[in-house]
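One letter stands for each residue in the lines below.
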Amino acid sequence: MKKEMSAAARKKRLQHLLIHAGLILVSAAFVYPLLRIFSVSLRPGDKLFSMDLSIIPAGATLISYSKLLKDTMFLHWLWNSLLITLATSFIGVSLASTAAYSFSRFRFPGKKAGMILLLSSQMIPAGMLILPLFLMIMKLKLMNTYLGMIIAYSVSSLPFSIWILKGYYDTIPRSLEEAALVDGTSQVGAFWRIILPLSTPALSIAFLFNFTTAWNEYLVARVVLFSAKQYTWTLGLFELQGQFITQWGMFAAGSMLVTIPVLCVFLYSSKWLISGLTLGSVKG
Amino acid sequence: METLKSIVEVTWFIILVAVGVAALVGYLYSHFKFYARSWFFPAVLAVFPALALAVFGGLLGGYTFQLWLYFLLAEAAIAAFFRFLVKGRHTVPYLMLAPAFVGLALLLVYPFVFEVYLSFHDLKLTTIMMWKNTGTLPFVGITQYIKVFTTSPLSEVTFWALLLRTLVWTFTNVFFHVVGGFILALMLNNHIKFKGIYRTLLVIPWAMPQVVAVLAMRGEFHAQYGFVNIFLVKLVHHLPFLASLGVGPVQWVSDYPLITCTLINIWLGIPFMMVVILGGLQSISSSYYDAADIDGASYFQKLRYITLPLVRPVMMPAVTLGTVWTFNNINVIYLVTGQSGGTEQADILVSALYKAAFTYNRYSYSAAFAIIVFAMLFFFSVFYLKSFDAAKDER
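From first to last, the protein sequence lines are chains C and R. Numbered continuously in my numbering, the first sequence closes out at residue 284. Numbered continuously in my numbering, the second sequence closes out at residue 1395.
I should point out that these hints are in silico values taken from the structure, not numbers from a laboratory. There's no promise every hint is true.
[Unchecked claim] Here are the simulated DSS-like cross-link-like pairs (lysine-lysine), alpha carbons at most 30 Å apart as the crow flies: (1) 1005(R) with 67(C); (2) 1386(R) with 111(C); (3) 139(C) with 1005(R); (4) 139(C) with 1302(R); (5) 1147(R) with 112(C); (6) 1132(R) with 1147(R); (7) 67(C) with 229(C); (8) 1147(R) with 1124(R); (9) 1124(R) with 11(C); (10) 12(C) with 1302(R); (11) 1193(R) with 1302(R); (12) 1033(R) with 1087(R); (13) 229(C) with 70(C); (14) 112(C) with 1005(R); (15) 1302(R) with 1195(R); (16) 70(C) with 139(C); (17) 12(C) with 1195(R); (18) 141(C) with 229(C); (19) 70(C) with 1005(R); (20) 1386(R) with 112(C); (21) 1132(R) with 229(C); (22) 1193(R) with 111(C); (23) 1132(R) with 1005(R); (24) 139(C) with 1195(R); (25) 229(C) with 1005(R); (26) 11(C) with 1234(R).
Owing to the predicted nature of the structure, the values given are computational and were not obtained by experimental measurement.
Could you build the full structure based on these sequences and the hints that come with them?
What follows is the structure in structure tokens.
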């Protein structure tokens, strides 16, 4: 009996060893491109193109970073992105927060149709609406401006935001608002003073989702913005990468600077985002 | 100074949006509140059409009597709707919904309708100035739709080739996403050390900004300096027999653009599937496996008869979502092949649609193309949901 146990245990250990080996291998393969960007960003100027595969290159230096910040408008691009993204997320989440409340708490004619509209809007290929939006922005004479970008972005994440906020409101017991209503607040007052403060986690997740979507967007920016001064960082990096031969180090440095904060935010919020994604689609 | 100016500009815009929302809510509120008063019709008909003309007249082509008449008709319809149908009920939910839905109507529904309009007209580089100045376009009927099937959306590749390529692209990607994600999730779903660390490392491709990930990978597929080829060279150097099998460095981006894009996209998409499937696996109660162990089931039997059926409900929505995402993925393909002198050997329907509009400036053509792609996706979804429902009913 005892011998059998140890055989099973040995088999288990061998199995775990294999799993570890497999996971280490795949993790390495998945992370390697990022490490590689890091490595390129540290290379001294004369060694940018080498067949070297080490992570910390010989003669590592931060020269690419300082060149990026000094010689290009990278900080300016980041600033443009930040402004556009913050404004978009703010508008998007504000609109979503009240709409979601109305879907969560009330019964009214057209509710089901509204929800279906929200879900089916997710089916429209994003690429399809770029052309009419581009023409509308042109007609409004907002080409190459922040406002044009904000308008183009502001509703793109709205359906998803409404969906996750509604899911969260649904979990807040109605008795809380009922108590407030008895105490004499209006329905809107109850929403403002009770539901909104309680929903801070969901609101921040919706905000983050809006933020990352707009922050990482490239295709609309490509057609709306055309002067380097108005570029968002995605356009700027594309430009640097396009001049592969000369600017690879700067491209890598810029990539690292944008990726690190995005990675942190993502890893922090991923649990929420995923539950929102799957919850929404399962229920739909 | 410039920084300050940009802040002011954006803040001003947000205030404008807020004022717009307030005006909208006030407008609707007046209809909800006073619908039954005797002065309701005369008052709203006197005030709102004139107000609308003053605010939107400039945007909609002049402060004309005709425009005022349109506003008057619209207002009459809206007022009648509120008086005889809504009758002041459900004020709060409608008011809370209104801003979001007006936003969606203006920036999602209207563009869609506008796209349909474009597809029946002729907007291209030579007519765009006319459209900008007068707002009118020559009507061409279904010519654009016929052209989509008879001429190349880009310079050589045909619609049918693009369609086939899109199907291959979508299937290959989703297949590898699901298989890769499933295997990784199974490996992670054990009681092993450092599980959290592995999981964090494995979601990095998904977590990186896509633009960075794709552009960096594009660089890494460079024939000479990218790590992919460097690895291949080293591999062949150490295992010379591989060379005779044809393994060796290749011109990835120029000779095999579609394979390059697919490899990049597989790398990008596995983590999402892995995380979703892992969530599903973790929710399976271990008692099923204990019972199966007692019955002496093998590993693959457990996988086939316990794991797969129980993960299915979690996986199906993710696979649907993944399919739609992959089908609609312009980013990867455009970022790899979109630069000047880029190839069209990797284009799928949606990326061709984007390039037709913005590289070739064939706007109306691209609109007709978009409508066709949308119709395909729409019928696929309806069909798919139907079969999904049917499968649900059977159980």
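Results of checking the hints against the structure:
1. 1005(R) with 67(C): 27 Å, holds
2. 1386(R) with 111(C): At roughly 22 Å apart (the allowed maximum being 30 Å), residue 111(C) and residue 1386(R) satisfy the hint.
3. 139(C) with 1005(R): Holds, because 24 Å separates the two Cα atoms, which is no more than 30 Å.
4. 139(C) with 1302(R): Roughly 61 Å separates the two Cα atoms, so the pair is violated.
5. 1147(R) with 112(C): 39 Å, violated
6. 1132(R) with 1147(R): 24 Å, holds
7. 67(C) with 229(C): 18 Å, holds
8. 1147(R) with 1124(R): 14 Å, holds
9. 1124(R) with 11(C): Since the Cα atoms of residue 1124(R) and residue 11(C) sit roughly 69 Å apart, the hinted pair is violated (cutoff 30 Å).
10. 12(C) with 1302(R): Satisfied, since the Cα-Cα distance of roughly 17 Å is no more than 30 Å.
11. 1193(R) with 1302(R): 24 Å, holds
12. 1033(R) with 1087(R): Holds, because 9 Å separates the two Cα atoms, which is no more than 30 Å.
13. 229(C) with 70(C): Holds - the C-alpha atoms of residue 70(C) and residue 229(C) are around 15 Å apart, at most 30 Å.
14. 112(C) with 1005(R): 44 Å, violated
15. 1302(R) with 1195(R): Between residue 1302(R) and residue 1195(R) the Cα gap is close to 23 Å, so the pair holds against 30 Å.
16. 70(C) with 139(C): 36 Å, violated
17. 12(C) with 1195(R): Holds, at about 17 Å.
18. 141(C) with 229(C): With a Cα-Cα distance of about 18 Å, the restraint between residue 141(C) and residue 229(C) holds, given a limit of 30 Å.
19. 70(C) with 1005(R): 22 Å, holds
20. 1386(R) with 112(C): 18 Å, holds
21. 1132(R) with 229(C): 25 Å, holds
22. 1193(R) with 111(C): Between residue 1193(R) and residue 111(C) the Cα gap is close to 48 Å, so the pair fails against 30 Å, i.e. violated.
23. 1132(R) with 1005(R): 29 Å, holds
24. 139(C) with 1195(R): Cα-Cα ~53 Å, so violated.
25. 229(C) with 1005(R): 14 Å, holds
26. 11(C) with 1234(R): 35 Å, violated
Checked against the numbered hints given earlier, this structure breaks hints 4, 5, 9, 14, 16, 22, 24 and 26; the rest are met.
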